[in-house]
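Protein chains in written order, with the working numbering: chain A, 13 to 209; chain B, 13 to 209.
Since the hints were derived computationally from the structure, they do not count as laboratory data. Glycine is no exception: its CB is placed at the ideal position from the N, C-alpha and C atoms. Warning: the hint list may mix true and false statements.
[What the hints assert, rightly or not] Label-pair restraints from in silico Cβ distances:
#1 A:G112 - B:R47: 56 to 62 Å
#2 B:Y192 - A:E62: 34 to 40 Å
#3 A:G31 - B:S84: 27 to 33 Å
#4 A:A83 - B:A83: 29 to 35 Å
#5 B:Y192 - A:Q172: 55 to 61 Å
#6 B:T156 - A:P129: 56 to 62 Å
#7 B:R25 - A:S84: 23 to 29 Å
#8 B:R63 - A:H173: 54 to 60 Å
#9 A:S15 - B:K33: 29 to 35 Å
#10 B:H147 - A:R45: 49 to 55 Å
#11 A:R47 - B:R130: 29 to 35 Å
#12 B:E18 - A:R111: 18 to 24 Å
#13 B:Q106 - A:R89: 55 to 61 Å
Protein chains: 2
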Amino acid sequence: MSSLLEQLIEAFRILPGVGQKTAQRMAYHVLEREREGGRRLAAVLADAVERVGHCERCRDFSEAPVCATCASQARDRHQLCVVESPADRLAIEQATGYRGLYFVLQGRLSPLDGIGPREIGLDRLAQRLAEGEVHELIVATNPTVEGEATAHYLAQIARQHSVRPSRLAHGVPLGGELEYVDRGTLSHAFGSRSEME
Amino acid sequence: MSSLLEQLIEAFRILPGVGQKTAQRMAYHVLEREREGGRRLAAVLADAVERVGHCERCRDFSEAPVCATCASQARDRHQLCVVESPADRLAIEQATGYRGLYFVLQGRLSPLDGIGPREIGLDRLAQRLAEGEVHELIVATNPTVEGEATAHYLAQIARQHSVRPSRLAHGVPLGGELEYVDRGTLSHAFGSRSEME
Ligand SMILES: [Zn+2]
Ligand SMILES: [Zn+2]
Numbered sequence: 013m014s015s016l017l018e019q020l021i022e023a024f025r026i027l028p029g030v031g032q033k034t035a036q037r038m039a040y041h042v043l044e045r046e047r048e049g050g051r052r053l054a055a056v057l058a059d060a061v062e063r064v065g066h067c068e069r070c071r072d073f074s075e076a077p078v079c080a081t082c083a084s085q086a087r088d089r090h091q092l093c094v095v096e097s098p099a100d101r102l103a104i105e106q107a108t109g110y111r112g113l114y115f116v117l118q119g120r121l122s123p124l125d126g127i128g129p130r131e132i133g134l135d136r137l138a139q140r141l142a143e144g145e146v147h148e149l150i151v152a153t154n155p156t157v158e159g160e161a162t163a164h165y166l167a168q169i170a171r172q173h174s175v176r177p178s179r180l181a182h183g184v185p186l187g188g189e190l191e192y193v194d195r196g197t198l199s200h201a202f203g204s205r206s207e208m209e
Numbered sequence: 013m014s015s016l017l018e019q020l021i022e023a024f025r026i027l028p029g030v031g032q033k034t035a036q037r038m039a040y041h042v043l044e045r046e047r048e049g050g051r052r053l054a055a056v057l058a059d060a061v062e063r064v065g066h067c068e069r070c071r072d073f074s075e076a077p078v079c080a081t082c083a084s085q086a087r088d089r090h091q092l093c094v095v096e097s098p099a100d101r102l103a104i105e106q107a108t109g110y111r112g113l114y115f116v117l118q119g120r121l122s123p124l125d126g127i128g129p130r131e132i133g134l135d136r137l138a139q140r141l142a143e144g145e146v147h148e149l150i151v152a153t154n155p156t157v158e159g160e161a162t163a164h165y166l167a168q169i170a171r172q173h174s175v176r177p178s179r180l181a182h183g184v185p186l187g188g189e190l191e192y193v194d195r196g197t198l199s200h201a202f203g204s205r206s207e208m209e
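Chain A with its partners taken away, still in its complex shape:
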């Protein structure tokens, strides 16, 4: 049976980019200097993995059935911005003055991995567009091969429902991940998005 310290080091390795050495440093750091913070992390983490689910409107993370953004009366219901991940959504929300709503794919089209339209919620998105409230679909997938393919698919769905598709202006570096673009660039790209042909 391994010691609690060994178990703790092992447990930290579930975190992204955390190998054996980093996990050791984390365990030692918490035990040496951050017991109170460690206690709090343990409590919040236990609570979050049980209670954070997905918003039934936008698929973003949410504790409630409908997230605060989707429930807000202050957001513009005519604009819907589609992103691949919650991190991308957060990046846009923090960098731009966007006041519309979001739709989080939680992935992108990737037929080779068995990820088709259903897996990223496009049936639900189509339903939503059919309701007629959305006028503009802002496509903010990542500028990767799969992201671009997803963007074209999204534009098709939009047009089928007479919704105007638009996409972020070039400025986001090709092959890059939206999440890592600096705020200024992202804000500019978001502001000068163009209609999709």
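Given chain A, put chain B with the ligands in place with the hints provided.
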């Protein structure tokens, strides 16, 4: 009141080297792909911060009053290796064939920060040397200014109790941290440690 997700991101920031972006990635990663691992991390972390204390013999982390190494009958009680931190102790244990005991300072002499001999347990170390069981004191502090000053102090205490002080061979890079030395170098340096004059 911030959302559970925001609280989780904030809580991850207690970890060393984890800023806002990394904390976000950790939270999203756990919620997207590692709920079971997150549950386990929360449980082990909560347990560890309550139950992991310090060994009363060597000051290393331990759930029991005396750690497994100090309690072991298989270790050579005539050799005592002094290190600054539990991470250094672990590095030596994993890299070398050392079968003696350890003493973990949990710091180093740093008069400007108010860290004197008592704060790093040197009174207890002196007591231990006075018991007469230890024949060789292997000084494995880091090759930094404060680590060197601590090493000289340790050598003095050893001599006062007629214990032979030794130190790791040169080979550990100057100004570096023991914890990051590759195994081969560390093993070689440990093997060719020399008596301190
Ligand atoms: Zn929502
Ligand atoms: Zn011990």
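We went through each hint and held it up to the structure:
Against the hinted window of 56 to 62 Å, the Cβ-Cβ separation of A:G112 and B:R47 comes to about 30 Å, which falls outside the hint. Between B:Y192 and A:E62 the Cβ separation comes to about 38 Å, which falls inside the hinted range of 34 to 40 Å. The beta-carbon spacing between A:G31 and B:S84, approximately 28 Å, falls within the hinted interval of 27 to 33 Å. Between A:A83 and B:A83 the C-beta distance comes to about 58 Å, which lies outside the given range of 29 to 35 Å.
Here the CB-CB span from B:Y192 to A:Q172 is close to 57 Å, well matched to the stated 55 to 61 Å. The beta-carbon spacing between B:T156 and A:P129, approximately 58 Å, falls within the hinted interval of 56 to 62 Å. Our hint of 23 to 29 Å for B:R25 and A:S84 holds, since their Cβ atoms are close to 27 Å apart. About 58 Å separates the C-beta atoms of B:R63 and A:H173, a value consistent with the hinted range of 54 to 60 Å.
For A:S15 and B:K33, the Cβ-Cβ distance of about 32 Å falls inside the hinted range of 29 to 35 Å, so the restraint holds. For the hinted restraint 49 to 55 Å between B:H147 and A:R45, the CB-CB distance of approximately 35 Å leaves it violated. In this structure the hint that A:R47 and B:R130 lie 29 to 35 Å apart at CB is violated, the actual value being about 22 Å. Between B:E18 and A:R111 the beta carbon distance is about 20 Å. The supplied range of 18 to 24 Å therefore holds.
At about 59 Å, the beta-carbon gap between B:Q106 and A:R89 stays in the expected band of 55 to 61 Å.
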